[in-house]
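K.L.:
Sequence:
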Amino acid sequence: MHPSKPTTLIVVIAILIVVSFVDSRQAIELTPTPPAPDNLTPKGPLRPHATQPRGIQVPKIPTTHETRADLIVSGRTSTVRINRAADVDQLIPPTFADPSIKNTPGMSWFVSQHFALKTDLSIARVYPILDLLELAYPHLLWTTGRPPKDIKTKRIPIVIAKTKANYLAAVKSDLNVVPPQGASRFVSRKNLTAYLHVHQLGPYALRHLLLEAACELHSLIVFGPIVDHHPALLHGPASAIASHVYDPGFKRLTVNVIDKPTTPNPWLKGVRKLKSKRLNASDILLQNLGDADIWTVFTHFFWTDVQREYQWRLFRDNAYKIKDNSPDARQKLAKRIFGKPDHLNKSFETWLDQTPTSFGLTHGSWDQRGQWIQFTPATTQPKDPKKKHPAHLHLNMTLDGKTPSLRNPLAWMDYPSRKQSSLVDPIRVGWTRGVIGCLIDFAQAKRKGQVGVGLGFHNDKYLSILVDREKLRLNIEASTIGLPSKSYRIPRSFTLALKESRNRLGMTVRIEEDDIHILLRAGKKRVRELKFNHPIQPNVHRRLKSQPFLYLAEGALISLIPYVNEKPKRNDNLFVSRPVGRWRFAGHDQLYALYRAQFHLGENAPQSLTELVQFMTKAASSKPDQQKIAIRRFNSQIQSIVADVRKLDNHADAANALSAVQP
1 MHPSKPTTLI
11 VVIAILIVVS
21 FVDSRQAIEL
31 TPTPPAPDNL
41 TPKGPLRPHA
51 TQPRGIQVPK
61 IPTTHETRAD
71 LIVSGRTSTV
81 RINRAADVDQ
91 LIPPTFADPS
101 IKNTPGMSWF
111 VSQHFALKTD
121 LSIARVYPIL
131 DLLELAYPHL
141 LWTTGRPPKD
151 IKTKRIPIVI
161 AKTKANYLAA
171 VKSDLNVVPP
181 QGASRFVSRK
191 NLTAYLHVHQ
201 LGPYALRHLL
211 LEAACELHSL
221 IVFGPIVDHH
231 PALLHGPASA
241 IASHVYDPGF
251 KRLTVNVIDK
261 PTTPNPWLKG
271 VRKLKSKRLN
281 ASDILLQNLG
291 DADIWTVFTH
301 FFWTDVQREY
311 QWRLFRDNAY
321 KIKDNSPDAR
331 QKLAKRIFGK
341 PDHLNKSFET
351 WLDQTPTSFG
361 LTHGSWDQRG
371 QWIQFTPATT
381 QPKDPKKKHP
391 AHLHLNMTLD
401 GKTPSLRNPL
411 AWMDYPSRKQ
421 SSLVDPIRVG
431 WTRGVIGCLI
441 DFAQAKRKGQ
451 VGVGLGFHND
461 KYLSILVDRE
471 KLRLNIEAST
481 IGLPSKSYRI
491 PRSFTLALKE
501 SRNRLGMTVR
511 IEEDDIHILL
521 RAGKKRVREL
531 KFNHPIQPNV
541 HRRLKSQPFL
551 YLAEGALISL
561 IPYVNEKPKR
571 NDNLFVSRPV
581 GRWRFAGHDQ
591 LYALYRAQFH
601 LGENAPQSLT
611 ELVQFMTKAA
621 SSKPDQQKIA
631 IRRFNSQIQS
641 IVADVRKLDN
651 HADAANALSA
661 VQP
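Residues in the sequence shown are numbered consecutively from 1, following the numbering used here.
Calculated from the structure, these hints are not laboratory results. Here the structure is a predicted model, which means the values were calculated and not measured. Backbone N, C-alpha and C fix where the C-beta goes; we use that ideal spot for every residue, glycine too. It is possible that some hints are incorrect.
Computed Cβ-Cβ distance ranges for the label pairs, DEER-style [unchecked claim]:
(1) A329 x H458: 47 to 55 Å
(2) P231 x R125: 45 to 53 Å
(3) A165 x A586: 15 to 23 Å
(4) S347 x P231: 44 to 52 Å
(5) K164 x P248: 20 to 28 Å
(6) V576 x K448: 29 to 37 Å
(7) V527 x S347: 49 to 57 Å
(8) R189 x D291: 14 to 22 Å
(9) G339 x V576: 18 to 26 Å
(10) K164 x R189: 57 to 65 Å
(11) G249 x N325: 43 to 51 Å
(12) P624 x G339: 30 to 38 Å
(13) G249 x K531: 46 to 54 Å
(14) D653 x R189: 48 to 56 Å
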């Protein structure tokens with residue numbers, strides 16, 4: 001019996017409606033989040049958002065082009081405009097794991113342009129993960145210098161499980177092996193897949209682990225098993241890229257971040273280990289001494305200087321080419337690129353001593369969402385109530401201005417920031433005048449918790465200034481430093497202003513000779529202020545100015561933005577595309593070609609080549625107009641330099657490198 005024509009027509013129309021609905025979910029951007037009640041929202045285009053078919057399964061596996069992600073990539077930062085990810089359920093997409101990867105009971109497949117995700121996570125958690133991976137991809141590509149072969153037809157496979165049991169089941173179903181015991185992630189060399197589980201991981205820790213695994217896997221796919229002979233070149237870059245700041249309001253990721261206070265923090269751990277062990281740079285590079293934390297700092301050493309970055313790239317590319325991985329072969333290669341080991345070791349030691357770190361040892365769990373530092377309270381309380389104290393976020397600076405300058409570009413929040421909130425007093429001269437401040441967000445605290453600052457920290461004793469959201473009090477605890485403590489009432493009328501500013505308030509603290517001035521400010525249309533003065537003695541004044549300070553939180557999920565810098569640092573417009581990398585240099589390929597030519601020629605490199613290398617190296621980290629001048633000079637001189645190179649013996653490799661980037 002054949003269906004009637006009307007019935008057939010109805011079926012066709014229904015199919016067309018479903019398909020058009022899926023397409024519309026992929027093409028329409030989500031409604032922008034309402035702007036914040038202060039000047040934290042920058043002027044300019046609307047916030048770009050990703051769009052995904054929320055759990056709607058597609059009838060076939062879409063191509064990588066059909067699931068392309070539209071990003072704005074600007075230096076070390078990328079922002080999602082549209083991510084056309086799709087739910088393909090039990091359809092196994094083509095990946096670099098073929099043919100070993102299989103379906104696992106309870107797990108489904110999702111695909112974006114470059115990644116295939118097998119997971120048992122909810123739909124609400126899947127798409128932000130795919131956003132994060134696509135945001136990271138341009139920076140993974142920058143790290144390796146080339147894309148994986150067949151990336152236009154295959155995807156990078158990632159498997160994420162909610163629990164450790166499901167994680168083990170996924171590895172078992174694909175590989176029939178047991179992953180390393182105690183590991184939260186496992187990058188398989190056998191089937192080129194990253195496996196991890198999210199059990200008991202905070203938001204930042206999960207993102208860090210995911211980015212680290214994706215970067216390692218990407219390097220393994222690009223370079224092959226030889227990466228295991230160079231763990232410092234594998235794990236260091238992966239951890240450096242994974243040291244990130246993510247802004248969910250903009251769906252924006254910044255990678256290769258040095259100065260930030262999150263938990264975990266490989267940078268701080270690595271610096272402490274290096275200062276206690278004092279490993280030489282040449283030993284780390286040639287003998288792979290150290291661990292992931294040390295290799296992270298070592299990678300930042302190379303990536304924070306133009307010349308060192310290109311030397312690092314030369315070493316990476318040539319180390320992965322040579323078949324002889326003996327220490328002698330590595331040393332010979334390193335000497336050609338970096339010169340004498342003593343020079344490299346001295347540069348590393350000097351850089352380590354001169355690179356300031358704004359944040360010190362922290363207690364408690366600190367996450368980061370954009371410029372918001374978020375405290376997460378512990379699920380269990382200490383058994384001894386006397387040991388209960390607020391979580392600490394230490395700063396390695398004092399209020400007398402005698403600490404390392406925050407003008408160092410690597411210090412004080414090495415990531416995009418926005419204009420200071422108007423709820424905090426302008427800090428024009430910052431900590432040199434004894435003024436600090438912070439913007440506090442109680443939106444997720446459910447009218448609980450305390451947050452504020454600690455001053456004069458020494459031997460775990462300090463003066464604390466805390467806003468108690470539940471009891472509506474400003475508590476000043478100073479007994480440990482020999483001053484009386486006091487609690488001030490916050491009028492209930494202030495909560496109306498707090499509600500108007502979406503549970504945000506500004507705190508400004510100024511230390512004078514005889515007292516501490518505290519200003520609380522909240523509201524939007526009508527800003528309300530509360531002022532408090534707490535008397536201090538001259539000897540206490542010296543302590544508060546000369547000892548480090550810290551930010552404090554306890555009892556609830558509370559966020560804050562610390563303000564201590566003298567002036568807001570200049571930020572580029574991240575809605576405008578710029579070249580990938582710290583230097584945002586459009587002449588990257590040309591400069592690296594010059595370095596490769598110089599490497600091949602050695603002492604025989606013509607003076608014209610050497611001079612252009614020096615000029616472009618200096619210009620790469622300069623202002624955009626200087627970068628443009630360097631590119632114009634390259635274009636005008638490259639043909640004559642190639643002619644100079646061709647006059648030399650053994651010039652083929654160098655000439656080929658230069659010819660590839662001629663205009």
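K.L.:
Could you tell me which of the numbered hints above are not met by this structure, giving the numbers in increasing order?
P.N.:
Of the numbered hints given earlier, those the structure breaks are 2, 3, 4, 6, 9, 10, 13 and 14, listed in rising order.
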